[in-house]
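Asker: Work the whole structure out from these sequences, hints included.
There are 2 protein chains.
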Amino acid sequence: MTYFNIDEIHNLNHLYKINLINSCAGFKSANLIATKSAENNTNVAIFSSVIHLGSAPPLLGFILRPTSVPRNTYENIMETGFYTINHIHENILKDAHHTSAKYNSNISEFDVTNLETDYKNNFVAPFVKNSPIQIAMKYIEEYDIKSNNTKLVIGEIQGLHIKNDLIKEDGFVNLSEANIATINGLNGYAIPTLKERCEYQRPIK
Amino acid sequence: MTYFNIDEIHNLNHLYKINLINSCAGFKSANLIATKSAENNTNVAIFSSVIHLGSAPPLLGFILRPTSVPRNTYENIMETGFYTINHIHENILKDAHHTSAKYNSNISEFDVTNLETDYKNNFVAPFVKNSPIQIAMKYIEEYDIKSNNTKLVIGEIQGLHIKNDLIKEDGFVNLSEANIATINGLNGYAIPTLKERCEYQRPIK
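Here the protein sequences come in this chain order: A and B. Read left to right, the first sequence gives residues 1 to 205 (the numbering used here). Read left to right, the second sequence gives residues 1001 to 1205 (the numbering used here).
Keep in mind that the hints were calculated from the coordinates and are not lab data. Errors might be hidden in some of the hints.
[Said to hold, decoys possible] Between beta-carbon pairs, the in silico distance windows are:
#1 B:Arg1202 <-> A:Lys146: 30 to 38 Å
#2 A:Gly81 <-> B:Glu1177: 40 to 48 Å
#3 A:Val112 <-> B:Asn1041: 49 to 57 Å
#4 A:Pro66 <-> B:Pro1203: 17 to 25 Å
#5 A:Glu196 <-> B:Ala1056: 35 to 43 Å
#6 B:Glu1177 <-> A:Glu196: 15 to 23 Å
#7 B:Asn1041 <-> A:Tyr119: 49 to 57 Å
#8 B:Lys1094 <-> A:Glu142: 22 to 30 Å
#9 A:Tyr16 <-> B:Asp1007: 46 to 54 Å
#10 B:Asp1007 <-> A:Asn164: 28 to 36 Å
A virtual CB, placed ideally from N, CA and C, is assigned to each residue, including glycine.
Answerer: In structure tokens, the structure reads:
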């Protein structure tokens, strides 16, 4: 196996280091977070850091890098209190990835890609049209992470739109059936096929 | 599409709700966190919440549920300050999933499964043998998440062991080449195949 100690990691060149360390947590979720400013400017940006925090209440979190593209996302959330999370699937992968380009806040990624807004149930923020899972989110709280100046933003699910046939009898949502993507490192994409569901485990007597 | 509003989500039966909401963030990472207590009892538990926080310094986080199985993981980390993160691959999937069973802290999951300890470079915590990516971690800090009483635990990478041929020229690690797993919901597993790496994006002029 190849071994890197902490000093070697610190001394890697920037691009090599971000490629390496970004792959280290394993496969990541692939989502578009969409928002609207108080002045009605829309914004949509790709995130690979959306995580499940709990089901009761239904909470999701994501990590915001202070120096990265999606600052408009955060500013809009602060202005309105709401945002949407939309799963990235095979057909919108290229456009979703393009939202990582650094556009000024007066340019909406909805205008420079084929991604389209989708407004539902009077929710303030737009959803991404044809996304198989569209989640209406309300900002709840945030934590400033001292060790690297990032931020964990936490929201509560207000509404959940899921393509009909993905939901199974017990509530399980088969992401593979909608060709939903996962992210490897900074820029690798896969469309996983579900292999199996394992049973609830009890200790071996 | 099927729609659930927040009241409907709150009123779902427990199992349906945890299956549904656990699928909502998208695909999740699949890791085994291994630890050793001050009294040399080993512990290994499956986590689907390991996330990349930053590359400089190299930081990973994970979410701990106060009521869930892996409390021994946390207690051991508090005692020694160190732990390992080991990627789950196809060949150890069943054993990895079995670590979710609720064993007493005096029983090591290394003893009741085919998972084996692997000690390297005098690091205090064991790695999981044959895992294609084994990461030595040092505890840095934690955040108590008020909205649902979970905890974000943050650690710094101290050492990184990666199967040789997975690392590409620019530092990218191809997780698919090691048959590394991803998790869908509570108990769904997939072994993704890398589809493509997209280029760095700049605004369209």
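Asker: Indicate, hint by hint, whether the structure satisfies it.
Answerer: Hints, one by one, checked against the model:
1. B:Arg1202 <-> A:Lys146: 30 to 38 Å: 32 Å, holds
2. A:Gly81 <-> B:Glu1177: 40 to 48 Å: Since A:Gly81 and B:Glu1177 have Cβ atoms about 43 Å apart, the given range 40 to 48 Å holds.
3. A:Val112 <-> B:Asn1041: 49 to 57 Å: Holds, at about 56 Å.
4. A:Pro66 <-> B:Pro1203: 17 to 25 Å: About 20 Å separates the Cβ atoms of A:Pro66 and B:Pro1203, which means 17 to 25 Å holds.
5. A:Glu196 <-> B:Ala1056: 35 to 43 Å: Roughly 38 Å apart at Cβ, these two residues keep to the hinted range, so it holds.
6. B:Glu1177 <-> A:Glu196: 15 to 23 Å: At 21 Å between Cβs, range holds.
7. B:Asn1041 <-> A:Tyr119: 49 to 57 Å: 55 Å, holds
8. B:Lys1094 <-> A:Glu142: 22 to 30 Å: Check failed, 38 Å falls outside 22 to 30 Å.
9. A:Tyr16 <-> B:Asp1007: 46 to 54 Å: 49 Å, holds
10. B:Asp1007 <-> A:Asn164: 28 to 36 Å: 21 Å, violated
Consistency with the previously given hints fails for numbers 8, 10, ordered from lowest to highest.
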